[in-house]
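The residues making up each chain are set out below.
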Amino acid sequence: MQYSSARTTGRPVLRRVVTVVAGAAVAALALAGCSGAGGTADAGGSKTTIRFLYATGDETWNTVVDSLVKDFNKNSTTTTVKLDPLPAGSDYATALKTVDATGNWPALVDMRDTLTYVNAGKLGTIPKEVTSLLQPDAFAAAKDGNVYTVPYSALNGELGMNVIYDKDYFKAHKLSVPKTYDDFIQLLKDIKANGDAPLATAAAEVWPSDQLWKPLAAPVFAKYSDKGGFWNDAAEGKASVEELKAPLEQLKMITDDYVLKGWQSTADAQTTTLLVNKQAVMATSSAGLGRLMDIQKVDPKFNAGLFIIPDENGRINVLKNSVVGDSAGGLAISKQAAGDKKQYASSVEFLKYFYSVGAANLMEKAGWISPNIADSAKVKHNDSIPGAKDYFALLKNPNLHWYENAPTFSTFSSVNTFFRQARIEMQDGQTSIDQTIEKTQTELAAQYAAAKK
Amino acid sequence: MTDVIDRDAAAARTVEVASAAPPRRRPRFGRGRLATLAFVVPALGVYLLMVILPSLQSLQLSLTNWDGISGAYDYIGLKNYQEILGSGRFWNAVKNTLILGLGSAVIINVVSLVVALMLDRLTHLQGLFRTLVYLPSLVSAFIMATIWKYVLNYNFGIANTALRDLGLPTWVRDWLGDSSIVVWVILFIICFTLGGNTTLIYLANLQSVPQELVEAARIDGAGGAKVFWNVTWPMIAGAVTVNMTLAMIAGWVIFDQVLVLTSGGPGFVSETMAFFIYKVGFGEYRAGFGSAAAVVLFIVVIASTVLANAYLRKREIQA
Numbered sequence: 002m003q004y005s006s007a008r009t010t011g012r013p014v015l016r017r018v019v020t021v022v023a024g025a026a027v028a029a030l031a032l033a034g035c036s037g038a039g040g041t042a043d044a045g046g047s048k049t050t051i052r053f054l055y056a057t058g059d060e061t062w063n064t065v066v067d068s069l070v071k072d073f074n075k076n077s078t079t080t081t082v083k084l085d086p087l088p089a090g091s092d093y094a095t096a097l098k099t100v101d102a103t104g105n106w107p108a109l110v111d112m113r114d115t116l117t118y119v120n121a122g123k124l125g126t127i128p129k130e131v132t133s134l135l136q137p138d139a140f141a142a143a144k145d146g147n148v149y150t151v152p153y154s155a156l157n158g159e160l161g162m163n164v165i166y167d168k169d170y171f172k173a174h175k176l177s178v179p180k181t182y183d184d185f186i187q188l189l190k191d192i193k194a195n196g197d198a199p200l201a202t203a204a205a206e207v208w209p210s211d212q213l214w215k216p217l218a219a220p221v222f223a224k225y226s227d228k229g230g231f232w233n234d235a236a237e238g239k240a241s242v243e244e245l246k247a248p249l250e251q252l253k254m255i256t257d258d259y260v261l262k263g264w265q266s267t268a269d270a271q272t273t274t275l276l277v278n279k280q281a282v283m284a285t286s287s288a289g290l291g292r293l294m295d296i297q298k299v300d301p302k303f304n305a306g307l308f309i310i311p312d313e314n315g316r317i318n319v320l321k322n323s324v325v326g327d328s329a330g331g332l333a334i335s336k337q338a339a340g341d342k343k344q345y346a347s348s349v350e351f352l353k354y355f356y357s358v359g360a361a362n363l364m365e366k367a368g369w370i371s372p373n374i375a376d377s378a379k380v381k382h383n384d385s386i387p388g389a390k391d392y393f394a395l396l397k398n399p400n401l402h403w404y405e406n407a408p409t410f411s412t413f414s415s416v417n418t419f420f421r422q423a424r425i426e427m428q429d430g431q432t433s434i435d436q437t438i439e440k441t442q443t444e445l446a447a448q449y450a451a452a453k454k
Numbered sequence: 036m037t038d039v040i041d042r043d044a045a046a047a048r049t050v051e052v053a054s055a056a057p058p059r060r061r062p063r064f065g066r067g068r069l070a071t072l073a074f075v076v077p078a079l080g081v082y083l084l085m086v087i088l089p090s091l092q093s094l095q096l097s098l099t100n101w102d103g104i105s106g107a108y109d110y111i112g113l114k115n116y117q118e119i120l121g122s123g124r125f126w127n128a129v130k131n132t133l134i135l136g137l138g139s140a141v142i143i144n145v146v147s148l149v150v151a152l153m154l155d156r157l158t159h160l161q162g163l164f165r166t167l168v169y170l171p172s173l174v175s176a177f178i179m180a181t182i183w184k185y186v187l188n189y190n191f192g193i194a195n196t197a198l199r200d201l202g203l204p205t206w207v208r209d210w211l212g213d214s215s216i217v218v219w220v221i222l223f224i225i226c227f228t229l230g231g232n233t234t235l236i237y238l239a240n241l242q243s244v245p246q247e248l249v250e251a252a253r254i255d256g257a258g259g260a261k262v263f264w265n266v267t268w269p270m271i272a273g274a275v276t277v278n279m280t281l282a283m284i285a286g287w288v289i290f291d292q293v294l295v296l297t298s299g300g301p302g303f304v305s306e307t308m309a310f311f312i313y314k315v316g317f318g319e320y321r322a323g324f325g326s327a328a329a330v331v332l333f334i335v336v337i338a339s340t341v342l343a344n345a346y347l348r349k350r351e352i353q354a
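Order-wise, the sequence lines are chains A and B. Whatever position you read off the first sequence (first residue = 1), add 1 for the working numbering. Whatever position you read off the second sequence (first residue = 1), add 35 for the working numbering.
Hints may contain errors.
Each computed PhoX-like pair below joins lysine-lysine, with the alpha-carbon atoms no more than 20 Å apart [unchecked claim]:
id, chain 1, residue 1, chain 2, residue 2
1, A, K453, B, K114
2, A, K353, A, K48
3, A, K298, A, K168
4, B, K184, A, K262
5, B, K184, A, K440
Hints are computed from structural coordinates only; laboratory data are not their basis.
Using the sequences and the hints, build the whole thing.
Here is the structure:
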């Protein structure tokens with residue numbers, strides 16, 4: 002029996018076409034997976050393109066980065082910086098692990114959990130030509146003598162962790178900024194007695210829970226400042242999480258009696274709206290001038306002020322920036338980019354621009370406090386934003402007391418994340434203070450043991 | 036006589052053919068098979084590289100203290116598993132996963148079956164209603180959860196604003212911040228958005244139930260409910276197996292909604308197993324520990340799926 006030739010002619014041709022198309026699709030997919038590390042050479046061959054990865058949670062920082070990069074790109078003849086923003090709400094650790102796993106490190110990185118990455122050899126060194134532009138105490142070397150991160154803002158520690166308040170309300174009700182912790186509690190009582198919500202705070206993203214906690218815990222942390230820091234001592238058994246019982250009790254009491262309802266699901270940025278809408282008289286913040294800037298954008302007429310919750314003796318205990326250790330943050334050059342001469346040179350060029358007087362003035366204009374550069378005297382601070390004068394006045398406050406608490410073990414970030422969630426659990430009434438202390442102590446012991454291995 | 040000779044000749048020819056050279060074998064790798072392999076092998080290769088090998092590596096990493104970043108790690112045996120099984124946080128995540136996984140599987144299937152039964156009865160605009168039912172499934176879980184997050188916001192969300200405006204301030208709740216209800220709120224959101232596929236599978240099976248059986252039951256005097264329980268329900272047993280299995284597997288790995296709506300909070304109260312793995316494995320630089328939790332989740336999913344399937348398959352009837 003013979004088959005009709007007409008029936009077989011179409012099939013091999015169709016099969017060939019499908020095979021070619023499938024092959025092209027596979028090749029396209031394979032090529033799409035390839036990308037240059039950190040950046041590429043410009044198509045024209047003259048400029049090197051580098052990527053700058055940064056966190057986008059702070060609107061002021063977003064504006065600053067954008068304007069700096071635009072200005073730099075306009076003037077640089079050798080380098081183009083491409084912004085690589087992390088989507089809002091992204092988990093930083095996950096994002097950095099992903100770039101590491103895919104071998105796709107940007108040249109410049111806005112770092113967190115620095116020690117972990119230094120130990121893993123993922124960061125390049127910052128050369129003297131950059132560090133010489135900074136004040137000597139604005140940076141520090143790691144154990145191997147190299148500098149891996151440089152600051153992206155002024156080292157005013159956690160001065161930005163404060164309480165923003167409605168000055169007009171205070172004036173109308175004859176209230177004043179508290180000078181002691183007891184004054185602060187009285188202030189909360191007075192506002193509540195007026196029928197208003199004294200304080201808004203946020204815990205939806207977990208990290209803002211530090212805003213109310215840290216000023217309350219600061220007196221305990223400050224005691225260990227000269228001994229190596231509370232967390233290091235607690236990990237080594239020279240201190241105990243039990244010592245945080247008193248501030249935890251204060252935290253619980255303030256949360257239960259004075260904080261605006263719904264704090265568990267309130268996002269950090271929403272506290273600005275709550276303040277401006279007069280749904281709360283005060284709000285916690287960790288954004289310093291940036292929060293004042295946000296408030297001004299939302300309501301230019303809002304008369305904001307800020308203060309830090311003092312201790313019972315009137316001292317304002319503020320954590321000093323860690324310039325080395327796991328809690329240190331800053332700008333870094335990735336090891337991947339450092340291995341490429343052009344990428345490294347371009348990264349250094351951008352950092353040198355970042356620490357110039359021109360860049361500092363651009364930052365200040367946008368409401369960002371510029372890093373402590375050697376030529377700080379030439380920088381014009383922006384105190385036009387309502388409340389900014391209160392911020393700069395804090396720097397000169399005789400009651401300001403800087404303390405250190407820089408954990409030196411690489412697994413501290415795990416302990417910190419766990420402790421934040423455990424505190425929220427306690428504030429929410431799911432667990433007792435003693436249970437929170439016990440589980441945090443257990444977690445600290447486990448993580449310290451893991452770091453020692 | 037001629038017929039007999041013809042028949043004998045035909046039989047002889049048949050015998051000749053039968054005892055002739057053995058039939059030509061098809062070549063093992065004929066062009067057809069090669070073409071099939073050419074299409075299957077790349078996909079299989081990608082599947083092996085992207086799914087199987089990483090899963091095996093996860094098993095290996097679960098026995099280490101790798102932080103996910105460093106080049107080196109140590110083998111620590113079963114310590115990660117011991118820590119997981121002794122962790123109250125882990126068992127809370129298991130409990131939440133059971134509630135969300137099994138709860139959503141049952142609710143989605145019940146609701147989808149009811150909707151499918153209603154769609155099956157429609158004589159007009161069935162296509163339009165089918166599309167409307169399916170539309171929520173087209174929106175990603177992440178986007179849907181983000182929308183719900185704004186809707187349920189305590190201070191600014193439309194849900195509470197509407198309740199206050201309607202004069203029901205006592206009904207106002209912190210839907211995503213109240214630890215006593217947050218898991219049930221997440222369950223509601225999951226059930227609300229999933230179900231399109233499930234409905235269509237049920238609808239297709241309903242439309243393949245032999246109408247003669249239904250008519251015979253009606254002739255015998257069976258009412259609507261009896262027809263459903265005794266004729267329709269056994270006939271769609273296969274669809275129930277498929278839908279329950281798929282819904283359970285989806286439920287065990289619920290992640291997007293938890294990440295967007297609550298980040299596992301307040302505290303740890305709404306963490307699920309998948310979220311727990313992500314949090315510790317990625318967010319806390321404990322990749323070895325996270326891998327061990329992933330292996331435990333895998334075992335749980337396999338075991339529950341096999342058991343559920345074994346039970347559901349007993350009910351199936353081949354039409």
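Here is what the structure says about each hint:
Of the pairs offered as hints, the one joining A/K453 and B/K114 holds, with about 16 Å between alpha carbons and a cut-off of 20 Å not exceeded. The suggested pairing of A/K353 with A/K48 holds, with an alpha-carbon distance near 17 Å, which does not exceed 20 Å. Distance hint between A/K298 and A/K168 is fulfilled; the C-alpha atoms sit about 17 Å from each other, no more than 20 Å. For the proposed pair B/K184 and A/K262, the alpha carbon gap of about 17 Å is at most 20 Å, so the pair holds.
In summary, the hint linking B/K184 to A/K440 is not supported, as the alpha carbons are separated by about 30 Å, beyond the 20 Å threshold.
Checked against the numbered hints given earlier, the structure breaks only hint 5 and satisfies all the rest.
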